[in-house]
Amino acid sequence: MTHIMVGDGVLPWWISTAGILAAVLLVSIASRQVSRVGSRRAVPATAVMTALMIVVMSVEIVPIGYELHGTVLAGIVVGPWFGAISALLFNVSRAFLGDGAITNIGLNTVITWLEMAIGSVVFASLLPFASLLPFALRGRASLCGGIATAVSLAVSTLVFLAIIALSGVDPGRAIHTGAFDVASGRFDVETLSEGLVSVHLPGEVHHPEETTAALTPFTWFAGATLFLGAIGWVIEGLVTGVTVAFLARIRPGLVGMSGDPGGQGRLTE
Amino acid sequence: MRLPSVDYLATSGSSWLHRASIADKVSLPIAGFGVAAVSSSPLPLVTGYAVLMAVAWSASLPVARIALATILPVPMVGLYAFSHWQGEWSVVAVILAKGMVTVEASLLLMLTTPAPDLLAGPTQWLPAILGNSLVLTYRAVFTLWDRLASVRRAIQVRGGIRHRRVYDLPWDATGTPWVRLPQVGGMIVGMAIIRAIDLGNTYEDALRLRGYRGLMHPTRREGTRRMPAGIFLWGGCALLVGAATAIRLMGWQVAA
Numbered sequence: 002m003t004h005i006m007v008g009d010g011v012l013p014w015w016i017s018t019a020g021i022l023a024a025v026l027l028v029s030i031a032s033r034q035v036s037r038v039g040s041r042r043a044v045p046a047t048a049v050m051t052a053l054m055i056v057v058m059s060v061e062i063v064p065i066g067y068e069l070h071g072t073v074l075a076g077i078v079v080g081p082w083f084g085a086i087s088a089l090l091f092n093v094s095r096a097f098l099g100d101g102a103i104t105n106i107g108l109n110t111v112i113t114w115l116e117m118a119i120g121s122v123v124f125a126s127l128l129p130f131a132s133l134l135p136f137a138l139r140g141r142a143s144l145c146g147g148i149a150t151a152v153s154l155a156v157s158t159l160v161f162l163a164i165i166a167l168s169g170v171d172p173g174r175a176i177h178t179g180a181f182d183v184a185s186g187r188f189d190v191e192t193l194s195e196g197l198v199s200v201h202l203p204g205e206v207h208h209p210e211e212t213t214a215a216l217t218p219f220t221w222f223a224g225a226t227l228f229l230g231a232i233g234w235v236i237e238g239l240v241t242g243v244t245v246a247f248l249a250r251i252r253p254g255l256v257g258m259s260g261d262p263g264g265q266g267r268l269t270e
Numbered sequence: 010m011r012l013p014s015v016d017y018l019a020t021s022g023s024s025w026l027h028r029a030s031i032a033d034k035v036s037l038p039i040a041g042f043g044v045a046a047v048s049s050s051p052l053p054l055v056t057g058y059a060v061l062m063a064v065a066w067s068a069s070l071p072v073a074r075i076a077l078a079t080i081l082p083v084p085m086v087g088l089y090a091f092s093h094w095q096g097e098w099s100v101v102a103v104i105l106a107k108g109m110v111t112v113e114a115s116l117l118l119m120l121t122t123p124a125p126d127l128l129a130g131p132t133q134w135l136p137a138i139l140g141n142s143l144v145l146t147y148r149a150v151f152t153l154w155d156r157l158a159s160v161r162r163a164i165q166v167r168g169g170i171r172h173r174r175v176y177d178l179p180w181d182a183t184g185t186p187w188v189r190l191p192q193v194g195g196m197i198v199g200m201a202i203i204r205a206i207d208l209g210n211t212y213e214d215a216l217r218l219r220g221y222r223g224l225m226h227p228t229r230r231e232g233t234r235r236m237p238a239g240i241f242l243w244g245g246c247a248l249l250v251g252a253a254t255a256i257r258l259m260g261w262q263v264a265a
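Going line by line, the protein sequences match chains A and B.
Residues in the first sequence are numbered consecutively from 2, following my numbering.
Residues in the second sequence are numbered consecutively from 10, following my numbering.
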């Protein structure tokens, strides 16, 4: 649901370019961060979680068109910085293995990373509070994993919808360019027709009929996405919750939970 | 399309496209991307799709499976297409066809190129951490598939995921109760993760002991490039993208 599965040349070039630049920046920062940590053992874990996402993406819940991603589970295991590397590799593989849309790799990397990073941060933030609950370790981990998944998928779906909404906007309209006509690449003949300084009232709408016309299909799309997505969040939250519960019991260090002297520490720390 | 199937087709084939160098086969995704990027009417997209399908057929690739793989993203792309509904079916068709052409073009490269050849280039220019992760990811996919296949067999011999007595097995099997299914699911995924991470660590250690320094090498030298294939692929790419550009510039619409 939070994946922009749209072919090349459909989204405006400036959105795709912005996505690629954002992804390059993100992965550069992440590479520096993880090199500083110098955890060689984290690389196989990152690879395994990326592979898990690639394998899981083959599973589609047909009636609602929802593909499980396992992104939050991967985020909980590898953390946000290795998550950025994992997100890029996942989306590159995905683009070449059946989704196409090479130009959207950047946008999808950023959205996938958001899912992983938010999931990881929410899970880590909830754990101390969960220890107050009268559940066993597994139950607490499961609950935190489920909530983290639902929150992160909800946020990333909203970001996804924002990008789709932006994709219907002409950049010339989204970014005020004054007398410069973006389409023709020239200035208006009457460049100074509005004077040297023009004052617009806040919220002033220049083309109300276009705004109204463009709103209806997107609202329908957003409603359908949120409705079907919510069902998917519950399913994915359940899968993540039970898996995190198992990992918390067998190898708690893997999900950032200490307390098992025999278990190994978190690989990305 | 599942990676093990893709890998099998890429390594087992011996057609002219399999033998062509990767430098020439890069023209396939470039052609798909180019046609998708410049087209605003269905005609060049459908033509591009048909030409690429003919290339797949000539390389003895499973055309039906490729066609199915290109259709799979259609529901989500279709949702996007209808969100931009302007009363014209040709707009929806163009958005759908763009997705299908790029998927098909990418698959043709993947289905005819062994993974070491594909990974050799990126491991040379990517930062070490990305290159290493890429190589290990490729390996981990097979480890995970193998683990999941084992688990699937284990579930089958215990009676499947439905809680009922199974009579066609030579032992007592009653399946798994619905209430326990989430717990069993968590166990399956969790075990696969733990096992795959352990195997990944062992694999990386073994690679480094055998002299791996983060670089993959292609399975054959680029010197074996065959010019006719290169001319055909790059020429076809230029022709497709050129024709799509011409149609775009001349404003030809299929509805017209």
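No wet-lab data here; the hints were simulated from the structure.
In this text the structure is predicted, and so the values were computed from the model without any measurement.
Glycine is no exception: its CB is placed at the ideal position from the N, C-alpha and C atoms.
Treat the hints with caution; some may be incorrect.
What the hints assert, rightly or not - A short, non-exhaustive set of chain B residues, derived as facing chain A with CB atoms under 10 Å:
(1) V112
(2) L157
(3) G244
Claimed, not checked - With beta-carbon atoms standing in for the labels, derived distance ranges:
(4) A:S29 / B:V35: 20 to 26 Å
(5) B:G87 / A:A166: 38 to 44 Å
(6) B:R174 / A:V160: 45 to 51 Å
(7) B:W180 / A:L227: 25 to 31 Å
(8) A:L167 / B:P125: 22 to 28 Å
(9) A:R37 / B:W66: 47 to 53 Å
(10) A:S29 / B:L248: 36 to 42 Å
(11) B:V35 / A:F130: 47 to 53 Å
(12) A:L167 / B:G220: 34 to 40 Å
(13) A:Q34 / B:R171: 43 to 49 Å
(14) B:R162 / A:T220: 43 to 49 Å
Said to hold, decoys possible - A few chain A residues that face chain B, going by a derived Cβ cut-off under 10 Å, partial list only:
(15) A102
(16) S132
(17) L134
(18) F222
(19) V243
TODO: List, from low to high, the hint numbers that the structure doesn't satisfy.
DONE: Violated hints (numbers, rising): 3, 5, 7, 8, 12, 16 and 17; every other hint is consistent with the structure.
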